[in-house]
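Position one of the sequence shown corresponds to residue 0 (numbering that gives the first Met the number 0), numbered consecutively onward.
Please note that the accuracy of each hint is not assured.
Below are the DSSO-like pairs computed for lysine-lysine, each with C-alpha atoms no more than 27 Å apart in a straight line [unchecked claim]:
#1 LYS431 to LYS668
#2 LYS637 to LYS317
#3 LYS389 to LYS54
#4 LYS396 to LYS65
#5 LYS295 to LYS378
The set of hints was computed from the structure by calculation and includes no laboratory data. The structure displayed is predicted, hence computed values, not measured ones.
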Amino acid sequence: MEHKVSRPTGQDLMCSRYPVKEAPIEMRHDNMGAEAPFTAEVRLRQHLIQVALGKHPADLVIRGGKLVNVYTGEILEGLDIAVAGERIALVGDASPCIGPDTEIVDAEGAYLAPGFVDAHYHIESSRLAPWRHAEITLPRGLTALVEDPHEACAPGGLDAIRYFLENTRGLPQKVYVQVPSATPPTNVETTGGFIGGDEFRQALKWHRVTGLGEMMDPPRIFGNDPRTWSLIHEAIATGQPIEGHGGFSGSRLAAYAAAGVQSTHSPNTPEQALEMLRAGFTIQLKAEREADTIKKLLKSQVDWSRIGLAVDDRPVEKLLELGSLDHEVRLAIELGIPPVTAYQMATINNARHWRLDRDIGGIAPGRYADILVISDLDKVVIERVFANGKEVARAGKLIISLEAPDGPSRRAPGYALNTVRLRRQVTADDFKVPAPIEITCSGGQERVWVHAVVMPPFYFSDDIEPITCKLPVRNGFVEPAPGTGINKVAIVERHKATGNIGIGFWRWGFRRGAVAMSVLHDSHNISVVGANDQDMAVAINRVAEIQGGIVVVENGRILAELPLPIFGLMSDAPPEEVAELSRAVEQATASLRQDAAEEATAGQTHKAETGTGPGAGPGAGSGMSQIPPDLAKTMETKPVDVMTFAYLTCHPRTYVLTDQGVFDIRTEKPLRVVW
0 MEHKVSRPTG QDLMCSRYPV KEAPIEMRHD NMGAEAPFTA EVRLRQHLIQ VALGKHPADL
60 VIRGGKLVNV YTGEILEGLD IAVAGERIAL VGDASPCIGP DTEIVDAEGA YLAPGFVDAH
120 YHIESSRLAP WRHAEITLPR GLTALVEDPH EACAPGGLDA IRYFLENTRG LPQKVYVQVP
180 SATPPTNVET TGGFIGGDEF RQALKWHRVT GLGEMMDPPR IFGNDPRTWS LIHEAIATGQ
240 PIEGHGGFSG SRLAAYAAAG VQSTHSPNTP EQALEMLRAG FTIQLKAERE ADTIKKLLKS
300 QVDWSRIGLA VDDRPVEKLL ELGSLDHEVR LAIELGIPPV TAYQMATINN ARHWRLDRDI
360 GGIAPGRYAD ILVISDLDKV VIERVFANGK EVARAGKLII SLEAPDGPSR RAPGYALNTV
420 RLRRQVTADD FKVPAPIEIT CSGGQERVWV HAVVMPPFYF SDDIEPITCK LPVRNGFVEP
480 APGTGINKVA IVERHKATGN IGIGFWRWGF RRGAVAMSVL HDSHNISVVG ANDQDMAVAI
540 NRVAEIQGGI VVVENGRILA ELPLPIFGLM SDAPPEEVAE LSRAVEQATA SLRQDAAEEA
600 TAGQTHKAET GTGPGAGPGA GSGMSQIPPD LAKTMETKPV DVMTFAYLTC HPRTYVLTDQ
660 GVFDIRTEKP LRVVW
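Could you build all of it, start to finish, from the sequences and the hints given here?
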């Protein structure tokens, strides 16, 4: 409730990062003679001083709670929190700040913790538009995040950054946006967007743009690639943090750090995590996937102040089921991290890394009033969520509308739609792989098989090579072998209508049908995997027709589909609806695959006809043993989740398929698929 005195109101001030309500994008500098962007924040801070001194009443006072002080690691009792507008004016005795219209909230002995801050996030992976994503993550305590939009920038370039800023403007969940470094991800794939040094300078003029997104292409860094180094140059020149990716050790770690990279998320091993910490890196961990790393760091008794927690990528159905950063905090505590330390890793550590701690990350004067009322600290039971000084969620449910009648429309603008552009509809003939004539014809007798490179479904190590299999030839064309789990795959370029189609063979285990999707990290062209060319064509064309999404086809019939029309990656539909469709495509996709027992048998029976390496001949090794057991299990229940990441070309991958063909990514040299 607002007190009736003459001062800037929440509506006038909005958020200090959103000072000009009429502007489509908030600029750091206004050259049109209007009020300077930070004037609103300065006016509010002057008002905070008056409230702190007891000269003006607070709008809100929260008392009776146990304060989780993430600055000192203490839990303090007997302190009030006085809020004016969207920020905290005082932590202490707020009695002099209480006026007749001050709203008083009794925390009833609950813990009062800062709102969670995720330091490395891709909203696109939720399949939700940013405002829809906020609907389900705000009640979980996520009041701020740092978004790396390289997924949406693949089709959209700078327009994608613009979209995130416009779509999240005025939300109680503060979304800061990095300038991605991975647009394009590598030089051997096609994207619609391009971001180099000039684009970086342009983006930095916009409010809430901070830092250079994860550097995922070490060969470009170590090889002095002009685009990559134009980005590094601009980041250094403007004092912006540079985000890393993955794990390094030894001389490669030294080279990575020497380039100016300051942080990473998800180092590949516990040993790499420790080595990178010792080299001055900040790291973000995903407790759900990196339990071993957390356990070993606990034994090493490291300083946790440069370690944060992050979600990175999580689809909508898992957000609804498990939660967001609250889930990571819960798991971290279960793994043995002291509770207050875990909360520091989800708040102040992340805010400090991105130099945002003047505004977010803790409960202290001058910061945004982002406060979680928690009944059970260890289990992270969040009863109430305050963001920007207003209660926004209670008992896990959002209690406000994120699309106010007098506010900006959250619906996707035209430039974020219709981004799937094919040269023409594809046909089954587009997926035919001709057998080399010197192999198919010998002495007047046509051969009935060829050697073919077959990729394992997912791998992260230089030690894992593609396998070589014998595949049948019919009428001069190479056929997949669905009975042994080997499928034909293709990547169809969808940004510039080039007509590029890269084709290969992967051991995906589909017996029937086909699955196509425009969610293809990180180029986000359209991938398709299938047991036959006809279903592959139907699936691709349907993805184009709905302007992005995931489509499952069998015998020419669509079994399930998930439309994702925003940059071909996200939807404005309600989260529960998107989750339901997402589960349906997962189930339909799983129904087309052989089960784990059949797959294991297929791997054994085919063993005599396979070898390792892109140039190997027949030999031992099916390649199925190279798949980690937890990933093999995920492929049985969540194949789409796996497939969206399977075509990554970034570190530490080696052999990759893109719309331009199969490559050794270390040298960017193309590889033969059949011979």
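Which numbered conditions among the earlier hints are violated in the structure presented, ordered from lowest to highest?
none
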